[in-house]
Amino acid sequence: MTQLPRTWRHAALATTSVLALSVAACGDNAHHHDHDEPTPDAPPAGPQAVSLRFAAAVGDEPATCDQVFTGFGPNADISLQFQDLRFYVHDIEFIDAQGGSEPLAMDTVSPWQNEGVALLDFEDQSGLCANGTTDLRSIVTGTRAAGTYTGLRFTLGVPFEQNHQDASLAAAPLNLTSLFWNWQGGYKFARIDTSVEPVNPGDPRPVFNFHLGSTGCDGSPAGGVTACTADNLAVIELTNFDVEADQVVIDYRELVGAIDLAVNGGGPPGCMSGTTDPECPAPFANLGLAMGDNSPAMTAFVAAPVSP
Amino acid sequence: MSRLASLLPTKPVCLFATAAWLLACDGPAPTEPVNPTADAYFDRVLPPNFPRPYVPESEPMTDERIALGKHLFYDTRLSGNGTQSCESCHQQQLAFTDGLALAIGSTGESHFRSSMALTNVAYNATLTWASPFLSELPEQALLPMFGEAPVELGMAGQEAELLQRLGDDATYQALFAAAFPDEAISVRAVVLALGAFQRTILSYRSPYDRLAYLGDEAALSEGARRGMDLFFGEKYECFHCHGTVNFSDATKTANSTFDEVLFHNTGLYNLDGLGAYPASDQGLMRVTAKPGDMGRFRAPTLRNVALTAPYFHDGSAATLDDVLDHYIRGGRLIEGGPNAGDGALSPLRSGFIKPIDATPQERADLLEFLHALTDEAMLDDPALANPWD
Chain H
1 MTQLPRTWRH
11 AALATTSVLA
21 LSVAACGDNA
31 HHHDHDEPTP
41 DAPPAGPQAV
51 SLRFAAAVGD
61 EPATCDQVFT
71 GFGPNADISL
81 QFQDLRFYVH
91 DIEFIDAQGG
101 SEPLAMDTVS
111 PWQNEGVALL
121 DFEDQSGLCA
131 NGTTDLRSIV
141 TGTRAAGTYT
151 GLRFTLGVPF
161 EQNHQDASLA
171 AAPLNLTSLF
181 WNWQGGYKFA
191 RIDTSVEPVN
201 PGDPRPVFNF
211 HLGSTGCDGS
221 PAGGVTACTA
231 DNLAVIELTN
241 FDVEADQVVI
251 DYRELVGAID
261 LAVNGGGPPG
271 CMSGTTDPEC
281 PAPFANLGLA
291 MGDNSPAMTA
301 FVAAPVSP
Chain Y
1 MSRLASLLPT
11 KPVCLFATAA
21 WLLACDGPAP
31 TEPVNPTADA
41 YFDRVLPPNF
51 PRPYVPESEP
61 MTDERIALGK
71 HLFYDTRLSG
81 NGTQSCESCH
91 QQQLAFTDGL
101 ALAIGSTGES
111 HFRSSMALTN
121 VAYNATLTWA
131 SPFLSELPEQ
141 ALLPMFGEAP
151 VELGMAGQEA
161 ELLQRLGDDA
171 TYQALFAAAF
181 PDEAISVRAV
191 VLALGAFQRT
201 ILSYRSPYDR
211 LAYLGDEAAL
221 SEGARRGMDL
231 FFGEKYECFH
241 CHGTVNFSDA
251 TKTANSTFDE
261 VLFHNTGLYN
271 LDGLGAYPAS
281 DQGLMRVTAK
291 PGDMGRFRAP
301 TLRNVALTAP
311 YFHDGSAATL
321 DDVLDHYIRG
331 GRLIEGGPNA
341 GDGALSPLRS
351 GFIKPIDATP
361 QERADLLEFL
371 HALTDEAMLD
381 DPALANPWD
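Taken in order, these protein sequences are the chains called H and Y. Each step along the first sequence adds one to the number in this note's numbering, with nothing skipped, and position 224 is 224. Each step along the second sequence adds one to the number in this note's numbering, with nothing skipped, and position 23 is 23.
Since the hints were derived computationally from the structure, they do not count as laboratory data. All residues carry an ideal CB built from backbone N, CA and C; glycine is no exception. Please note that the accuracy of each hint is not assured.
Just the calculated beta-carbon pair ranges, DEER-fashion [what the hints assert, rightly or not]:
1) I139(H) - P382(Y): 51 to 57 Å
2) D166(H) - E217(Y): 45 to 51 Å
3) E109(Y) - P111(H): 47 to 53 Å
4) A184(Y) - Q125(H): 19 to 25 Å
5) D272(Y) - S51(H): 53 to 59 Å
6) G223(H) - G99(Y): 33 to 39 Å
7) D272(Y) - G265(H): 32 to 38 Å
Given these sequences and hints, build the entire structure.
Right under this line is the structure:
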């Protein structure tokens, strides 16, 4: 694509479907570049069906509810089990080598995908995930313009318009009561809860709940929520991503880093997106979310080849 | 002659209230659609000149929904571990609160707030102690049912189990079929029914109401009449925040033309000289994150207030006497401990909170008036009682 004349690219960008054709045609057919339309012998290439794969991991291991994971905390001596591991995504885009992007037109897949919002679910109600669901979900399906893409971008969370609806009326996947966040007038964008092994067997188990969601929301009885000072929508970008070969992995070890999961330094145990909660800056930064004046680098999500 | 008597028998409440309430009484016709089932219910129950609550058209108040809601309200199957119902924190004999400083949830976890009385909850412009946008009872019901920080009824993630419990019960099969003939049993149906029932928790039969709405001049004692004049007068200023038919400025009626969102900092705390409240509950700021919303809470109704001790959002005043001490001082002084500070010096407190040169007689009269807001009939009304007994 880099050698395409500007006029050709502009014409191709006129509509999504034209771009789809043009991208498919440009690879081996450079002699067609001075035409605005693909030649009849070019292979037809309409929108592509895409299945974007996600995974949840703890380092190299899949994150599951029925397993104990070790080596957390500043001294790498904390063990934990998951109690929940779910998150919403929207605004998925594929990035091409020029930095342009094409959106994924998300399918409607009951109960996982609706109106451009998808739920990813890595808990199966086993182990300590008692308030979860037995179903799992690790893909987002849809269509995109055919083409060659090198990167991926998506937003972790629920778009503002859907986030502040009346949850008692919402359609799946926004009807899971464990993801309601009514006192903030929204949803938990991500719910990743762990139960920490006590130092002394028999002691109460500390929990480290990570609930991401919009805070600082204001509004009125008639208009509902009108604005949030901290939308906490994390835009995740993976610069090297091939949807055919790769999957999006959220790595819990990267999300929490070396913070002490067994000690609650203030606010609710773990981080519930509170601006003054001492357990929030680290996981927020690892999602690339600023808390204060920093502009952190996102590390919690990585692109990784799908295991053979 | 008292100021009140000259106004009887027509719309006396308008006089006592804020400018906006006056507008609501005499202003343009309401723009919101009417709700025929709600209108019929309130016409049947309330005195003719008693203002009607606003009920959204989408939330019918049929007898069948009210009956279903009452069964649900009193049913411990609405909690995860089957130990609590709505009633656990909202008991009829206590004007639908629980007598505790801080509520205790079904798992034993303490709430950081005191259970609110549900008296006349239908009139609330907003719900809970401090939310700028939560105004519909069905939506609010999701909070105690599914909220997790803290756990109240503890049903988060267990909606399938809840619907199974209800669907397996023959009583509910009949109640749901009657209330929602075209719908399956759903969370939405549960919270709509709870809302319909909660709107029937109405206080309109207190001694004050007999005077104000029925013209019964003998309904109040002499002391209570003097207390009423103090309550509605400029020396004590109580009516600014506790005006309207519901003794709360955050009130919406069928005649309201404006959505008024009102919250007040009453100077209960001042940890840092800048008006800080304890981190455990900073009021509206907890939701909006606006520094100016520190310590702002919705004024609760004072109907049945004699029954709803302890007082304030955190139950930090044991008696009505303590409440009067706070307001007469113009802010609360806490001399030691982690919450030490002088609320009277808080820059965030409402302008109506100021020191009052109160006499013992005035205090006694005010207390007598507050007791005249008790609606004994509501506390014993079989229509509000546990239907499972």
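Checked hints:
no.: 1; hint: I139(H) - P382(Y): 51 to 57 Å; result: 56 Å, holds
no.: 2; hint: D166(H) - E217(Y): 45 to 51 Å; result: 46 Å, holds
no.: 3; hint: E109(Y) - P111(H): 47 to 53 Å; result: 30 Å, violated
no.: 4; hint: A184(Y) - Q125(H): 19 to 25 Å; result: 23 Å, holds
no.: 5; hint: D272(Y) - S51(H): 53 to 59 Å; result: 55 Å, holds
no.: 6; hint: G223(H) - G99(Y): 33 to 39 Å; result: 36 Å, holds
no.: 7; hint: D272(Y) - G265(H): 32 to 38 Å; result: 20 Å, violated
When each numbered hint is compared with the structure, violations occur for hints 3, 7.
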